[in-house]
Amino acid sequence: MSAAIETRELSKRYRRVSALTDCTVTVPEGRVSALVGPNGAGKTTLLRMLAGLASPTSGTASVLGGMPRQDPAFLAEIGYLAQEIPLYRRFTAEDHIRIGAHLNPHWDASLVRTRLKELRIPLDQRVGTLSGGQRAQVALALTLAKRPRLLLLDEPVAALDPLARRNFLATLTSAMADAEGTLTVVLSSHLITDLERVCDHLILLAGSRVQICGDIDMLLAEHKVLIGPRKDTGPVERAHTVVHAVTTARQSTLLVRLGGPVTDPAYQAEDVSLEELVLAYMGADEANADKHLMAVGEDS
Amino acid sequence: MTWLVWRQYRVQAAIAFALLAAVAAVIIADGIQIASHWHSTIAACAGNSTCLLQASPLVNGVVSDLPYLSMIVPVVLGLLWGAPLVAHELEARTSDFAWTQSVTRMRWLTAKAGALLLVAAACGGVTAALITWWSGPINAKFASAFTPGQFDTQGIVPIGYALFAMALGIAAGTAARRTLPATAVVLGGFIGLRLVISNFLRPHYMAAITTYYHVTGSFTPPGQAWILAQGGLSPTGRVVAEGWGDLYPALPAVCRSLLPGSPTSKSGSSESAVFSCMQAHGWRGFATYQPSSRYWPFQGIETGIYILLAAVLIAATFAVIRRRDA
Amino acid sequence: MISFRVDGRSGVPPYLQIVQQVRQALRMGVLDVGDQLPTVREVVAAVAVNPNTVLKAYRDLEREGLVEARAGQGTFVRKRPPGPPPGTHSRLGRSLARWVRDARDAGLDDESMESLLRITLRADSGSEQIA
Numbered sequence: 001m002s003a004a005i006e007t008r009e010l011s012k013r014y015r016r017v018s019a020l021t022d023c024t025v026t027v028p029e030g031r032v033s034a035l036v037g038p039n040g041a042g043k044t045t046l047l048r049m050l051a052g053l054a055s056p057t058s059g060t061a062s063v064l065g066g067m068p069r070q071d072p073a074f075l076a077e078i079g080y081l082a083q084e085i086p087l088y089r090r091f092t093a094e095d096h097i098r099i100g101a102h103l104n105p106h107w108d109a110s111l112v113r114t115r116l117k118e119l120r121i122p123l124d125q126r127v128g129t130l131s132g133g134q135r136a137q138v139a140l141a142l143t144l145a146k147r148p149r150l151l152l153l154d155e156p157v158a159a160l161d162p163l164a165r166r167n168f169l170a171t172l173t174s175a176m177a178d179a180e181g182t183l184t185v186v187l188s189s190h191l192i193t194d195l196e197r198v199c200d201h202l203i204l205l206a207g208s209r210v211q212i213c214g215d216i217d218m219l220l221a222e223h224k225v226l227i228g229p230r231k232d233t234g235p236v237e238r239a240h241t242v243v244h245a246v247t248t249a250r251q252s253t254l255l256v257r258l259g260g261p262v263t264d265p266a267y268q269a270e271d272v273s274l275e276e277l278v279l280a281y282m283g284a285d286e287a288n289a290d291k292h293l294m295a296v297g298e299d300s
Numbered sequence: 001m002t003w004l005v006w007r008q009y010r011v012q013a014a015i016a017f018a019l020l021a022a023v024a025a026v027i028i029a030d031g032i033q034i035a036s037h038w039h040s041t042i043a044a045c046a047g048n049s050t051c052l053l054q055a056s057p058l059v060n061g062v063v064s065d066l067p068y069l070s071m072i073v074p075v076v077l078g079l080l081w082g083a084p085l086v087a088h089e090l091e092a093r094t095s096d097f098a099w100t101q102s103v104t105r106m107r108w109l110t111a112k113a114g115a116l117l118l119v120a121a122a123c124g125g126v127t128a129a130l131i132t133w134w135s136g137p138i139n140a141k142f143a144s145a146f147t148p149g150q151f152d153t154q155g156i157v158p159i160g161y162a163l164f165a166m167a168l169g170i171a172a173g174t175a176a177r178r179t180l181p182a183t184a185v186v187l188g189g190f191i192g193l194r195l196v197i198s199n200f201l202r203p204h205y206m207a208a209i210t211t212y213y214h215v216t217g218s219f220t221p222p223g224q225a226w227i228l229a230q231g232g233l234s235p236t237g238r239v240v241a242e243g244w245g246d247l248y249p250a251l252p253a254v255c256r257s258l259l260p261g262s263p264t265s266k267s268g269s270s271e272s273a274v275f276s277c278m279q280a281h282g283w284r285g286f287a288t289y290q291p292s293s294r295y296w297p298f299q300g301i302e303t304g305i306y307i308l309l310a311a312v313l314i315a316a317t318f319a320v321i322r323r324r325d326a
Numbered sequence: 001m002i003s004f005r006v007d008g009r010s011g012v013p014p015y016l017q018i019v020q021q022v023r024q025a026l027r028m029g030v031l032d033v034g035d036q037l038p039t040v041r042e043v044v045a046a047v048a049v050n051p052n053t054v055l056k057a058y059r060d061l062e063r064e065g066l067v068e069a070r071a072g073q074g075t076f077v078r079k080r081p082p083g084p085p086p087g088t089h090s091r092l093g094r095s096l097a098r099w100v101r102d103a104r105d106a107g108l109d110d111e112s113m114e115s116l117l118r119i120t121l122r123a124d125s126g127s128e129q130i131a
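Protein chains in written order, with the numbering used here: chain A, 1 to 300; chain B, 1 to 326; chain C, 1 to 131.
Hints listed in this document are in silico derivations from the structure and should not be mistaken for laboratory results. The structure displayed is predicted, hence computed values, not measured ones. By construction, the Cβ of each residue, glycine as well, lies at the ideal position given by its N, Cα and C atoms. Hints are not guaranteed to be accurate.
Where chain B lies over chain A, by a calculated footprint (3+ residues, C-beta under 8 Å) [said to hold, decoys possible]:
1. 51 to 63
2. 74 to 81
3. 85 to 92
4. 159 to 166
Produce the complete structure using the sequences and hints provided.
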């Protein structure tokens with residue numbers, strides 16, 4: 001299976017701040033990839049660079065076989081939905097459908113109309129007067145009408161109530177079922193329960209760097225929580241990669257990336273959930289940042 | 001793309017068209033009245049030039065300011081339509097939508113800026129035509145179409161101003177990414193540049209002609225010339241502009257005493273006596289002017305300058321939009 | 001027609017939940033041989049899961065021989081899962097009740113009993129795989 005997205009050491013700097021550093025990820029075609037990380041970790045930057053709305057400072061990105069570029073053929077194959085749901089507030093949904101028809105070669109207007117009718121969203125009402133959930137559905141329908149091969153969604157459900165969120169995700173999964181494996185999605189979100197149902201691939205950013213990237217099933221199989229009495233963690237650290245460690249007076253709980261089978265009988269190995277995995281890597285980055293801050297404080 | 005531009009601007013276009021039509025109606029109605037007044041004045045004076053000059057004013061009140069009001073048109077275009085063109089899309093983030101449809105940013109900008117520049121040129125042309133026609137009798141009476149003020153509102157230069165103001169608005173909006181600072185730039189930049197060009201550049205588009213004449217006589221360049229400077233030239237090369245205040249200290253003492261009302265005046269003094277004295281002492285009169293034959297070349301040069309500036313601004317806008325992050 | 005529920009917090013992978021719900025529906029008689037399972041699209045529209053999840057579940061059921069995919073038509077039930085002989089449930093229920101009484105006398109609470117059952121099930125299925 002070819003890769004829908006392949007980046008190599010993609011970086012973006014703004015004067016003295018680095019928004020994204022050495023990002024190297026691969027997203028195979030047909031996957032729904034969860035883009036996860038704390039705010040400011042570079043998720044929006046990455047998505048905008050993949051959509052061609054921003055250009056990298058260094059590194060390369062290959063999207064659907066080529067560089068993101070201002071070229072009608074490329075633009076026709078991608079769909080981008082920013083967090084603020086950018087639509088023309090004074091225009092109606094029907095206006096947007098006509099705009100799309102004029103500006104895109106393959107445009108499925110009936111798809112939008114049918115979907116919005118199913119959701120009982122009026123076509124002749126100004127988009128600015130619709131609710132947040134309705135606006136998000138309109139924007140998603142318009143994006144899908146292009147029949148893109150790649151969807152880049154930047155926290156589209158962040159401001160929606162649970163029902164609106166569920167409807168949005170159902171629309172998304174229906175579109176995937178219709179596309180029969182030709183649609184790749186990168187979805188950035190904080191809501192891990194949503195991501196668990198819908199996503200099969202994970203990209204985790206923290207501190208503007210990629211922490212882990214891969215199929216969720218594989219990642220979960222590669223990680224375990226080792227619970228055992230508090231003792232020297234040296235052997236464990238040599239055999240595996242410790243991502244996150246919590247020690248009390250009596251007990252150690254270590255989330256590790258397996259480097260081989262777990263041989264120490266003192267440790268009980270438990271499966272890891274997606275939420276635990278994400279929190280561990282995000283927490284590890286925070287701990288490293290704190291250590292760095294403290295070290296800097298000691299030097300000065 | 002053209003459908004999108006029309007859909008985005010159709011309300012504003014309707015309002016602008018209505019306003020333009022209303023203003024045109026006022027100008028036309030007033031112009032007809034002025035023209036008929038002028039024709040009856042000509043008939044009454046039957047070729048006597050002094051009679052013509054002393055006839056009652058052709059225009060008075062607010063209406064006489066119509067040409068000056070028409071100078072606002074380019075600024076308004078640049079402020080209301082030019083500045084928000086790119087800036088508003090960036091502020092509202094609708095650029096994220098527009099620039100991920102299957103049109104390149106270049107095509108998007110070409111359609112939007114192209115439409116607006118066309119409209120600017122049209123507005124400039126229509127107001128210029130109307131004001132030129134309206135000013136016909138005034139130009140004839142005062143032979144003044146070349147003077148600053150009249151020059152700016154007639155002919156083809158208003159088209160250049162309108163294009164420049166629109167381009168300035170679009171460029172400022174693109175650079176600032178926000179409408180409000182862009183409007184400030186349009187206001188300041190347009191007014192500043194207009195003042196600089198008309199006061200410091202325009203007199204020098206072509207080398208002016210200087211004619212010398214007898215101080216005792218007078219000289220008026222024929223037709224609608226633009227007089228840049230006129231006055232007296234002493235034998236030593238000292239220039240004195242018209243007006244007794246500057247002239248008095250420069251005169252030789254003997255001529256000064258001939259001025260009526262001066263402490264040392266004697267009988268038989270008069271203005272003409274002073275001039276004869278000056279003439280005898282080697283004074284000459286001079287007039288530096290641009291002849292009326294240069295009216296259209298100057299119109300062309302100035303319009304060309306503003307169109308060139310507009311082109312540079314638009315080219316810069318294209319370059320910025322193509323390369324910059326959205 | 002069966003409708004599915006996917007519980008994100010149950011600890012059971014979504015595809016397995018679907019498999020289990022189909023098996024349960026067959027046992028209970030909600031689904032009968034020859035019935036059509038909902039299409040992938042119908043499932044994801046109702047439940048908002050990745051279509052591959054549903055495909056994986058249906059493939060597993062097909063491997064077990066419970067359903068069959070007919071090209072162009074959909075997925076249909078082929079046979080019921082083999083059930084235990086009659087009387088098994090009541091017999092096992094009685095010995096389970098005895099065990100529960102023993103466990104409670106020994107001091108186990110409900111949670112400990114459930115935990116013990118889970119561990120035993122896991123160990124048992126593990127040894128089954130090795131065997």
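Evaluation of the provided hints:
Here's how the segment 51 to 63 of chain A fares: 5 of its residues keep a CB closer than 8 Å to some CB of chain B, so the rule of at least three is met and the hint holds. Counting residues of the segment 74 to 81 of chain A whose CB falls under 8 Å from any CB of chain B gives 5; the rule of at least 3 is met. By the rule of at least three residues with a Cβ nearer than 8 Å to a Cβ of chain B, the coverage given for the segment 85 to 92 of chain A holds, with 5 such residues. For the segment 159 to 166 of chain A, the proposed coverage by chain B is not satisfied: 0 residues have a C-beta within less than 8 Å of a C-beta in that chain, short of the threshold of three.
Violated hint: 4 only; the structure is consistent with all others.
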